[in-house]
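Asker: Starting from the known structure of chain W, fit chain X onto it as the hints suggest.
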Amino acid sequence: MSSADFLLRNVLTADQVRVDIEVVAGTISRIGGELTSPFPVVEGNQNLVLPGLVDLHTHLREPGKESSETVLSGSQAAVKGGYLALSAMANTSPVADTAGVVEQVARLGRDAGLCDVFPIGAVTVGLKGESLAELAAMAHSAAKVRIFSDDGNCVSDPLLMRRALEYVKSFGGVIAQHAQEPKLTSGAQMNEGVVSSRLGLKGWPAVAEESIIARDILMAQYVGSRLHICHLTTKGGVELVRWAKSQGMAVTAEVTPHHLLLTDELANSFDPVYKVNPPLRTQADVSALRAGLADGTIDIVATDHAPHPSEEKDCEWSAAAFGMVGLETALSVVVETMIDTGLMEWEKLVDRMSLAPAAIGGYEDHGAIAVGRPANFVVVNPKERWTVDRRTLQSKSSNTPFDGRSLPAKVVHAFYRGVQVLNDGQLTGSKYE
Amino acid sequence: MKRAHLLSTQELTRADALEILDTARQLSRATDGAIRKLPTLRGRTVVNLFFEDSTRTRLSFEAAAKRLSADVINFSAKGSSVSKGESLKDTAQTLEAMGGELMIIRHSASGAAQRLAESGWVKSHIVNAGDGMHEHPTQALLDAFTIRSHFPEFDRDFTGLRIGIVGDILHSRVARSNAQLLTLLGADVVLIAPPTLLPIGVDTWPVKISYDLDSEISSLDAIMALRVQSERMNDAFFPSEREYAREYGLAGSRLRALKKNAIIMHPGPMNRGLEISAEGADSKQSVILEQVANGVLVRMAVLYLLMGGAPIPTEGVLV
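Sequence lines, in order, name chains W and X. Using the numbering used here, read the first sequence as starting at 56 and increasing by one per residue. Using the numbering used here, read the second sequence as starting at 731 and increasing by one per residue.
Excised from the complex, chain W in its bound form (with noise of 0.2 Å):
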């Protein structure tokens, strides 16, 4: 359906000021105290409102592995949870490394209507760290893919990560690097440490995700170029990147929401619900993390919402898949971590969690509610909290590392260019077209 003129009564902005935002063909209108306007009022019930989620670091799973998830169930999946800007892994079968499959990435991403779905492209051929694959295809492809990432797999050969930081200078892209010595873990299953040493796991050193960001900041420096750092897991990776931005390099990076909560005490367990790449660190390193979003040494929150099948965790820890869902969770993880415990105010939780990575990403249609942009926002109830259940989880996997845990704040509405696509914190079956 085309987008429906309406009214949005009686919300607060993340700075706390009452407001009313009128929104005509999709497009914000006016923003002001007590507005007066001919359309159909949607009461907010001074809830917050945000501008929509935007998420870097999505897995979809299609095209190849439509079992775990689609295009069209993670944008439900996200939609419930506030994105509606999606970033869509290359891992997946056939890889996203020709314009070809991002295109029929982004097409899914319009068909299925929910929330923007950016393909990102894979660094190499295959993702297999031999050769670049044609990136500047991709970057004039309808699907204008601006952030390539290997994620899954590091590009850890110097060489091809030096010429990829420098290839895509010419159409203002940046590699997101998955930092992971892969000498250094090969087998790894759990972050290396006092936990690994007693259950005898292979231990995955912090100094394996650090040596590459290292590396590759330096790099980017060298070469001029932009560099983003996926899912940042160390105290030491931390400093790195705080050190990068005090000498003035174009470095980014992200922290997960499972990072910020989660520490590999967990693998006590032995449930596989816990194993996920980059592994869950010590609670010095969630301490480190947190700090380093709230002062913007970490630049935004990505979800790596990773959906596996049930028998790819139903299993021992060692056959069983890397991965959590997370776009459903993710604003909950991140008010219980960083807004409750005092360390953020919403301000800057809008800023990490959208502002931030539209910018990142170049999504001029997102991160900001202003009038004459695209009426891309949601509405929160911060003092609302819920259980999450992994059965109801809207995502086609439940590999929830949350199960059963209370969280705070619940998405009640979303308006996706215009289009109220959540209701109540139902989706309502509407999807722009």
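Every clue listed holds true.
Capping the alpha-carbon separation at 25 Å, the derived lysine to any residue pairs in SDA-like fashion look like this:
hint, chain 1, residue 1, chain 2, residue 2
1, X, K819, W, A243
2, W, K451, W, V328
3, X, K990, X, E977
4, W, K238, X, E961
FYI, nobody ran anything at the bench for these hints, they're computed from the structure. None of these values were measured; they are calculated from a predicted model.
Answerer: Chain X in isolation, oriented as in the chain W frame:
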């Protein structure tokens, strides 16, 4: 013992451990002599679920079950369950459907036994017969039983005994289980290995760490040499077998440096000439074959206590 499973030594209390060891001793007395079979688990079914080759451990458990008159179903698969196409869950459920009440699992994945016990896949009692690099609790129990029989003055408390474990601690479930259990019983445990074969985080274990076998050996009451897998060389854990044997092998002058009443142990199978010399393996101080015999007794005790069999008769009967 009020527990359904034996998954690790970490979960055992001192009282649990002593109860298993005392029961093993009681079973030893009851089965002494020619009549070696007890009727206590008659009509009960035990499953050997072996996803990793280990003929010795499987036979030991099988002998233990049969001496208690239990029926035994053996399952063995080389490699992982996944590479065979059938999952651990499906295999376990299948064998339970065949009447299994207790499953003895050996698996290359750390945590496989705990997963089987806690996932809700099956209702059976679970005994861990070695899971990856994690634990091998019955090996530690049989080692404790063996140490106890040689040091009767430390019968209920190992405080004052000093026990060295030499070799590939990093990859060893035997080392993890022994470090925990022997410490629980009061012993001082020294882990002796090159730094490459010690896990990051070992400094938090309740043990002493040493890189130097020669400086430790004369203070030990028992020394346990661990099997060294030759594939470790490929991952650069140590330069060569020759260098390993020279630095950490239980051989030559080291044997003479041992206390006269110290015992030499090895969980088997041995690499003679690598972690232990033939002289060491065959020495009068070696108790390696006793360990094997004690393994059956300790495993009988574990099966008996978990399955709650009929009281142990004072002597065995022919059945």
